[in-house]
Every structure is written in C-alpha cells, then in structure tokens.
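If you read the protein sequences in the order shown, they are chains A and B. Add 11 to a position in the first sequence, counting from 1, and you land on the number used in the numbering used here. Add 3 to a position in the second sequence, counting from 1, and you land on the number used in the numbering used here.
Treat each hint with caution, since some may be false.
Stated by the list, open to error - Pairs of lysine-lysine, DSS-like flavour, derived with a Cα cap of 30 angstroms:
no., chain 1, residue 1, chain 2, residue 2
1, A, K207, B, K102
2, B, K226, A, K383
3, A, K383, B, K140
4, B, K102, A, K466
5, A, K108, A, K207
6, B, K119, A, K406
7, A, K383, B, K102
8, B, K240, A, K383
9, A, K505, B, K240
10, B, K236, A, K218
11, B, K239, B, K185
12, A, K184, A, K519
13, B, K236, A, K160
14, A, K160, A, K108
15, B, K240, A, K502
16, A, K406, B, K78
17, A, K218, A, K101
18, A, K505, B, K236
19, B, K226, A, K502
20, A, K502, B, K18
21, A, K143, B, K102
22, A, K108, A, K505
23, A, K218, A, K103
24, B, K236, A, K519
25, B, K18, A, K143
26, B, K130, A, K401
27, A, K218, A, K207
28, A, K467, B, K140
29, B, K130, A, K134
30, A, K134, B, K140
31, A, K401, B, K119
32, A, K466, B, K240
33, A, K207, A, K286
34, B, K236, A, K238
35, A, K519, B, K240
36, B, K239, A, K361
37, B, K119, A, K90
38, B, K18, A, K90
39, A, K143, B, K119
Hint data in this document are derived by calculation from the structure and do not stem from the laboratory.
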Amino acid sequence: MSTPVSIHDGPFTTNTLVSKIFLVFYSIIIWCSILPLLLELYFFWKIIEFNISLFICLLPIQIYFGYLILVFTSILIAKLFLITINLIHKPKEGVFKRINQDPDYYFWSLRAVIKKWPIWVSKFIPLPFTDKINSRWFENDSEFIKYGKNISIGKGSSVKASMVFSDFLIIKKVNIGENVIIGSNSFIAPGTQIGKNVIIGTMSATKFSQTLKSDSIYAGFPIERLKNQDYSTYDSIEKLRETLTSTINFKDDSCDDVKLNLNRLQGEKFMKNLKYDLLIFGLIYFLSNAIPILGIIYFGSELFIPFFLQNPNLFSIFTNVLSFTVFLLTPLILIIFYIINLLGVIFFGKLFYRIMLYIKPSEEGILDWQNKDKDFIYYFRRSFLIRYVKWKVQKSPFPWLIKFAYNNIGNCQIGRNTVIEDSFLAKEFLEVGNNVYLGKVLIATHLWDKNLSIKKIIIGDNVVIQDNSCIAPGTEIEENVSLFPLSITVKCEKLIANSFYLNTPLVKISNEELINAFNLNLYDINPKKISLKRDESYYNY
Amino acid sequence: MNPIIITNNLVEEKKIYWLYPILIWLSFFPTSLIYLFFFNFFSFWIDPIFIICFLPISLVLYYLVFILFLLLFAKLILILLNMINKPKEGIFQRNFQDKNYRFFVIRTCLKRFVLKIYNYFPLPWAKILALRLFGVKISNNTGILDSFIDSDFIVIGDNVILGEGSLVMNSMILGDYLLVRKVILNRGCTIGAFSVIAPGTIVEEGAILGMGSYTYLNQRLEKNYIHFGRPAKRWKKIEDNFTFSKK
Numbered sequence: 012m013s014t015p016v017s018i019h020d021g022p023f024t025t026n027t028l029v030s031k032i033f034l035v036f037y038s039i040i041i042w043c044s045i046l047p048l049l050l051e052l053y054f055f056w057k058i059i060e061f062n063i064s065l066f067i068c069l070l071p072i073q074i075y076f077g078y079l080i081l082v083f084t085s086i087l088i089a090k091l092f093l094i095t096i097n098l099i100h101k102p103k104e105g106v107f108k109r110i111n112q113d114p115d116y117y118f119w120s121l122r123a124v125i126k127k128w129p130i131w132v133s134k135f136i137p138l139p140f141t142d143k144i145n146s147r148w149f150e151n152d153s154e155f156i157k158y159g160k161n162i163s164i165g166k167g168s169s170v171k172a173s174m175v176f177s178d179f180l181i182i183k184k185v186n187i188g189e190n191v192i193i194g195s196n197s198f199i200a201p202g203t204q205i206g207k208n209v210i211i212g213t214m215s216a217t218k219f220s221q222t223l224k225s226d227s228i229y230a231g232f233p234i235e236r237l238k239n240q241d242y243s244t245y246d247s248i249e250k251l252r253e254t255l256t257s258t259i260n261f262k263d264d265s266c267d268d269v270k271l272n273l274n275r276l277q278g279e280k281f282m283k284n285l286k287y288d289l290l291i292f293g294l295i296y297f298l299s300n301a302i303p304i305l306g307i308i309y310f311g312s313e314l315f316i317p318f319f320l321q322n323p324n325l326f327s328i329f330t331n332v333l334s335f336t337v338f339l340l341t342p343l344i345l346i347i348f349y350i351i352n353l354l355g356v357i358f359f360g361k362l363f364y365r366i367m368l369y370i371k372p373s374e375e376g377i378l379d380w381q382n383k384d385k386d387f388i389y390y391f392r393r394s395f396l397i398r399y400v401k402w403k404v405q406k407s408p409f410p411w412l413i414k415f416a417y418n419n420i421g422n423c424q425i426g427r428n429t430v431i432e433d434s435f436l437a438k439e440f441l442e443v444g445n446n447v448y449l450g451k452v453l454i455a456t457h458l459w460d461k462n463l464s465i466k467k468i469i470i471g472d473n474v475v476i477q478d479n480s481c482i483a484p485g486t487e488i489e490e491n492v493s494l495f496p497l498s499i500t501v502k503c504e505k506l507i508a509n510s511f512y513l514n515t516p517l518v519k520i521s522n523e524e525l526i527n528a529f530n531l532n533l534y535d536i537n538p539k540k541i542s543l544k545r546d547e548s549y550y551n552y
Numbered sequence: 004m005n006p007i008i009i010t011n012n013l014v015e016e017k018k019i020y021w022l023y024p025i026l027i028w029l030s031f032f033p034t035s036l037i038y039l040f041f042f043n044f045f046s047f048w049i050d051p052i053f054i055i056c057f058l059p060i061s062l063v064l065y066y067l068v069f070i071l072f073l074l075l076f077a078k079l080i081l082i083l084l085n086m087i088n089k090p091k092e093g094i095f096q097r098n099f100q101d102k103n104y105r106f107f108v109i110r111t112c113l114k115r116f117v118l119k120i121y122n123y124f125p126l127p128w129a130k131i132l133a134l135r136l137f138g139v140k141i142s143n144n145t146g147i148l149d150s151f152i153d154s155d156f157i158v159i160g161d162n163v164i165l166g167e168g169s170l171v172m173n174s175m176i177l178g179d180y181l182l183v184r185k186v187i188l189n190r191g192c193t194i195g196a197f198s199v200i201a202p203g204t205i206v207e208e209g210a211i212l213g214m215g216s217y218t219y220l221n222q223r224l225e226k227n228y229i230h231f232g233r234p235a236k237r238w239k240k241i242e243d244n245f246t247f248s249k250k
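In isolation and in its complexed conformation, chain B is listed as follows:
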C-alpha cells in the first residue's frame, strides 16, 4: 500500500448537469421580484433619466443579489441532500450505484459550481462566507489567498494562512474506491503555496508546511516545526530569532 497518491475526487459529472441551469434559473427570479417591488415603490419617480442614472448601480446590485441567492438555494438543496444521505467519513466504492458515492459526487459538484462563481468576486470574504455555509468550519480572519478548499469534515482554526494555489482535500481516489477523511488545520499554522493537503492530515498548532510539498494520508505535522518535501518530512524547528542567512 503506497499512501502518497492523492488525486482529485471527481470523474462522473455528467449525471448532474441538470442541477446547474435549475440553480441559475432559481436565483434569477428573486432578483427580478425584488426589483419589481422596488420600482413599484418608487413608481412616481420613473422617467428615462432616472432609469439611465439608476441602471449602472442596479446592475451591480443585481450581481450581488444574484450570487447571494445562488448561495442560499445551493444551501437549501444541500440541506435536502443531507437529509436523504448524511455525509460520512470512510471508504466507498467508486460506483454510481453506491448511495454514499452518488451523494458525495452530487454534493461536491454543487459546491464547486457555486464556488467557481464566487471566485470572481474581488474581495476574499465572499468565498469565506460560501465555504462556511457549505460546512467548512473556518474563521473570518483566515488568509485564504487563492487556495482551493473542499467542504465537509474540514476544520480551519484562527489565524491560519493558506498560500496561493494550495489545495486542501478531504477525499481521494484509491483505484476503484473513494476515501473521505477529515482534515484539521489547528490555529496559527501556515500552509505554503502550491502545497497539497491529503485527507486525514492533522496540522498542529503553529506548524509550517513549506512551498510545493504535499502530505500523505493521515499524516501529522508537529507543533513548531517546519515541514518540507514530497511527501512532507520534518525539516527543522522554528527559531525565535529567525533571520536571513547573510552572504
């Protein structure tokens, strides 16, 4: 058994394409209803000049309301899905007949679709809000710069910094099987850029994972140590008076 293989966790997406247009359609309707109400309220103002002045601002508001309702409807569908089949840790057969795997794929596809739209928002807090609604325990002052975080069974503590392009995965493919396992990033730890966190990894308080390295299944990164390499190994202790080596 070689524990270093981590791969992405989705192959069969075709069977859930029907979800995307429904989601977009649903979230367009509340926006138009809100605006209908709004304009009826201000109907004595209406003339072409008012429309011209108001349209640019209203388009921005449309966008904001649209992405908010998209998130809400996705959350509603997720609650329904979770009522039918609760997310579970463990090993499942990678087969659409398997109930656990089927629901896992539907859930992750739904979340990824919404997160992809949220990724085009200029400020990072929208993404944190979306992740929190999708079941990641994450605090507001986490630095998720441009990283990808899976949802479910992931806990991210205070003051964690995730580098750009880093991936936190809660699942991986093992041949014909899929493994789902929790990931815990304790408070104050730092994950370097371009690094990959495998399912089951536990990062202790204040530990550091270097750039471009990955952890293997169920690895534990020790407190106050820098870890580095493919797969990550304990490298050296974090010193208090850390300085650049002078030439």
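Here chain A stands alone, though its shape is the one from the complex:
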C-alpha cells in the first residue's frame, strides 16, 4: 500500500448515516478507547510527582506513547464491535434498495460508522502498520476486498466493493492479485477481478464485474486492454531509452524562462489583504477554543487532578466511588468539549460571515483580475472564512456536521437525508435537494479563466454523483439523475431528469446502453432481476 498525501487518500468509510442511534455506538467506541489512556496518564503522573523539569522532559514522550495507546485501543474496540455486529447481521453481496428500512443498507451504514473512529485516530502520525490494519479491517467494505501482496494504489483512486447507484446499493467482491499497480484518480468498480502483474492507467474506470487478465496493461474510460504491451517486454534499459528518446528530448530547456519571486510576497491574486484574513482566522480560532479550554482547565483542576491523578494507588481508583465516576466521565466530557469547539467554529464563522455580508452582499457574476474592486476582495475573504470552517468540520471525527454547517453559514442549502462524502464542496451558491448521494466529487461554483466567473449550482432530489466527477459552475441537475464515476460537466450544462450520464464531455445513455457502458443491467427497476453474473462477451478482447 502506498501512503499518499492528499485529502482523498488512505482508508476511508462512507458518511452515510441511516439513523442517529448509530452516533451512540460511535461515542461509546470513543469513550472506551480513551479509558486506557487515562490509566497510563495516572502512571505518568506518579513518575513525575510535580517535578517540573522532569514533567517537561517527559511530556513529548508521553504524548507519543499516549497516542500509540489510543490508536491500539481504538483499533481493538472497533474490531470487537465489528465482530459482534457481523454476528447479528452477516454482510452480504447483492443489490439492495437505498432506503432506511432495508436491513442490508442499514447495517452497511452502521459498519461504516463503527469503522470511522480508528481511521480518524490513526491518520495524524502516519504509521505504516496502522495504515495496513486500517485498509484490511476498517476500509469501506473491507469484508469484500481482497488485496494481494506488493500492491500500489495511486493517489485519489478508489477501490470500491460497494457502490451507490440510482436507488440501489450494489455490493460485490473485489479481488486484486499480486504486484498490481493502480494509477492515480482511477475507479475500481464492485465485482472487479484483477489478475497478477496488472498495470492500470490514470483516470480509468473498470466496468461492473469485469475481469482483468494477468500480465497486461489496461487504461482508458471505459477500461481497455492496450494492444502495445511492450513496457515489460523490453530486454534492456538501453532499448527502452532509445525508443523513448525519439519522443522525449531530455536536453530540451527551451521553456526554462520561468520568473520566480521567491522572497517577496507579490500578492497579485490572493494575498493582498492577508492580514485581515489572518486576523479573522485568529479571532475565530481563539474564540472557539476559549470556552472548551477554560472548561477543561476547570474540570482538570477541580475534579480530574484531585480525585483521579492524586489517588494513593491504582486500586483506590476502582474502590472509591467518586474517583471511579470521574475516571468514567472524563472521555464523555472531552467529547462534549470537542463538539462545543466545532459548534463554536460554526457559530463565530457565521457571525463574521454576516458582518462581511453587511459590508458587501454576495452576488453571482464575473469578477475582474485586473481591477480588484470590493466585490473581488470580499469574495476571497468570505471563501477564506468558509474554507476554514469546512476544513475544521470535514476533518473532524464528526463529518456529519457538515450539512448543519453549510445550512447555517452562507447561502447554501442542503436537503434532508443527503450524504456528503469527503468532497470538495463549493462555498457559496449551492443548492442540494433531498436524498442526494455525493461521492468524493468536486463541486465548483467559480471558474478560473481570463476572469473569475461565479454561477449557482442546483442539484435536484435523489441525484447520485459518483467518485472523481466534477460539477462545473452553472450546472443544473434535475431529479433522479445518476452520474457515473469520472464524469465531468461543462459550464451551464443542464441534465434532464430520470437519466444516466457518463464520460467527459457528458453523454446521456438509456437503460439499454447501460449494459454496454458499465456492464450493469437495469432493465427493470426490480432488484431481484439485476444480473450479478459476469457476461463473458465484455472482457474477451
């Protein structure tokens, strides 16, 4: 497994939340995983005994070991929860309705909620072994994905055993053989069988239940086996170099006249009003953190230190009723203060946003690079503010709050039952209907061109937009539209209701053409009639 950098990478689980009872399970997992850390903290306190220099010396090591303990306990507890839930309802392959009453969809969502915490905890200091455990146990539908040895998966690409498609959730096993390399931003659909030594190119998507032959190179959308399989058949490096030098001139320096101003802040496009942006950021940061930090200090000095840390021995923590309740309640109080911090960021963000709106209301239209008027400056200032709020909420262990944040700040509207994954959302002028699924997509309401143009995006009810697709400004998507992975809209495009779209530029396809395009049979909207068998004719090249 490779360990990439960008936001979209590493193990990931869906943000689908069928019922809010799952959050109780979630907080219990967090609660239980913090408790061993507190016991370790007790021993640390015993060692230092108010020796300040020893305390300062050992604090970094304590943070490191405490973090490791937190990671391991959360992995163990989440795994225990997963095992018990899989005993209650065994994860199954198949096609299920995307409604809350369907038991398979319900438990799929519950599994995702349980898997969220260990993944979130273990991402701060990237440790290779936790990455491996996470991808084996806690990745989205890891029950259905089988990885071989020595695999490399590119940045931004997603291997999916489950896929939300129109009204259905499709789950099917994925097998990946040894020595497979998957390129960046590519999509592996459910049911894909990949042989040994396969290379898959950038931005390619496999069809549903496709088989990729061993020792070959695949690329494109939809994916195809390349005729020239000659990368690996070159005998020596000299031969490859000879053939490549005809296309690549390694001594070409004709375009090296790039002018850089490395030392000076020129501030042409972004940083003209940097100090005000930073001031607002600092104010929000300080105000949102003040209440939780004061609360934690009060809790620590009044309850935690005297009744927990200053116990004479470990045994008395469990015998004394008061110290035992303090020990049990501490994780809950930490969770509550963290949520207060998040809500504080949203609240103060909204306050500053309202003040900015009062000075300059937000409008759609075209802004000029050259004459930077008030509109231009305030557009960037507002987006800087919302970017911080979005960053804070989306990277927190409670990413479900993003809907609440968006409906509160700014002029965006996001409907009920809508699922938003770890996506790059627009900051203003976004309208999303009910029951929408947005995968790892990009939704942009502004366009970088000769000028900066801003236009509203409207997404109707029951729309499904799959991974790595981009929605350009001005797009209007009507109800029940399904977009395949890697599809990209042109600006001001209008997508007609009850239809499927794919590719760049978008092509509308009928139900019959779906089989050709994605190997998916949806003649009847009846989940029992959807074929899950492989069709031989689609992978015999």
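Let chain A serve as the given structure and place chain B on it in line with the hints.
Just chain B now, kept in the frame of chain A:
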C-alpha cells in the same frame, strides 16, 4: 509505445520504515530541550496555577516546534542522501539493487511522510514552506488548494493556481522501469481540479488545463489556450470578454 499511462511511483516502501520512528524521535527531543530551558528561565514563577494557565498554549507551541524540527531533520537527511546520490532525470530500472531507483524511493518516501503531517495544518503556507525546502521551486503566492505536488525537478511560477485534488508528478512507472522528468508550470497558468500532470509536461504562460483531464508524457500546453480531455487536447482560445452563455 503508448504514452498515456501515468501511474504512481512507489511500490516498495517496507525497506525504509525505519526512517519514520527515527524522524519522530529526533524531532521530539529539541522541543523538550527548548521547554526545559524555558522553564528553568522562569523557574521563580512556577506553581500549579501557572502550569494550568500555560499548558494549553504550550501544547500548541509544542506542535509548531515539533513540525518545524521534523522538517529540518528531514531536510538534513535529504542533504545527506543527495550527497551520496544526486537526483537525476532519466529512465531507471525498477529494482532495489539499482542505486538511482533506491535513492529515489527513499527520498520520496521521506518527503511524503513529512508532507502528510504538514497537510493537517490549517493554513496553506506551511505546505509551501515544506515543498520549497524539499526542492520544488515555488513562489509564495501560488494557490495550492488541496493538491499533491511531487518534489525535485518541478518549477512552479508566479500566480499559478492548482485546483483541488490535482496531482503534479515528476515520475511514472513504465512496466519494469521508472521515468523521472522535469515539470514546468510557467507563470499565470491554471490547472483544473482533479487533473493529473504527467512528467515532462511544460505548461506555457497563461495556459489553462480543464477539470478532470490529464496530460501525456512530454506534452506542451500552448500559451493562451484552454486544454481539456483525457488526454488533454487544445480546445479553444481564451477570449478577453469571456461570459457565460445565456439561455
């Protein structure tokens, strides 16, 4: 020869796992030393109230000092590695016995590890600082929103905007071989979101690459043109009075 395949460039990471704990361990020590000195200096102040008031701020400072020293130690190791084996453009055998490939993998793993920690800093300038120390020529007013940039042989000019989720790669795998080639993004160009820049790409001044498209090996994107598609093709000229088409 099909030039459109671009894949990620790392497979063998296991052999350099030992680097990560050493780096974290090294960068924890200066932080604790600084604090030891600091508290000895203010030792007449010390009482529990002072600790309680100071601890939250000190934890933030710890974090900042920690990531700064992490960067510095990574830079030191990089300088040592570069003294043994200088980064080179060209085609190498994808085999750990090959010296150039071995050092390439160690260097990129080290950089990626540090960049992954820097990615959790709320402000973008920390990442630019890290990239600059790692050998990317990049100016302060570049908009790297949430993009991934490889290091070495990459030059990014003034006022370049890299869209969210875009990748700039300086290397790619060709079967059993690895190709490393420079990438130049000239001043004022725009790279759309989710797009991938292959090694050897030269983007001329003011050129635009659209969303979700990729360039092929050694492609040149022309001045004042919009490029779009998989792989990118010249689409249309950028007009001065660009407006939305009205329905």
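Given the proposed pairing of A:K406 with B:K78, does the C-alpha separation stay at or below 30 angstroms? holds, 28 angstroms
With a cut-off of 30 angstroms on the C-alpha distance, tell me whether B:K236 and A:K218 pass. holds, 25 angstroms
B:K18 paired with A:K90 [C-alpha distance capped at 30 angstroms]: Holds. B:K18 to A:K90 sits at ~28 angstroms (cutoff 30 angstroms).
Satisfaction of hint between B:K119 and A:K143, Cα-Cα up to 30 angstroms: With a Cα-Cα distance of about 16 angstroms, the restraint between A:K143 and B:K119 holds, given a limit of 30 angstroms.
Within 30 angstroms, alpha carbon to alpha carbon, are A:K218 and A:K207? OK: A:K218 and A:K207 at ~18 angstroms, within 30 angstroms.
Check whether the Cα positions of A:K519 and B:K240 lie no farther apart than 30 angstroms. Judged against 30 angstroms, a Cα distance of about 27 angstroms means the pair holds.
Verify the proposed pairing of B:K119 with A:K406, using a straight-line Cα cut of 30 angstroms. Roughly 14 angstroms separates the two Cα atoms, so the pair holds.
Is it true that the CA of A:K383 sits at most 30 angstroms from the CA of B:K102? violated, 52 angstroms
Is B:K236 close enough to A:K160, meaning Cα to Cα at most 30 angstroms? Not satisfied, since the Cα-Cα distance of roughly 37 angstroms exceeds 30 angstroms.
Below or equal to 30 angstroms on CA atoms is what counts here, so check B:K236 against A:K519. Distance ~22 angstroms between B:K236 and A:K519 Cα, so the pair holds.
For the pair supplied as a hint, A:K207 and B:K102, is the alpha-carbon distance within the 30 angstroms limit? The hint holds at about 27 angstroms.
Against the 30 angstroms threshold, does the CA-CA distance of B:K130 and A:K134 hold or violate the hint? Holds. B:K130 to A:K134 sits at ~17 angstroms (cutoff 30 angstroms).
Hint compliance for this structure: hints 4, 5, 7, 13, 14, 20, 28, 33 and 36 are not met, and every other hint is.
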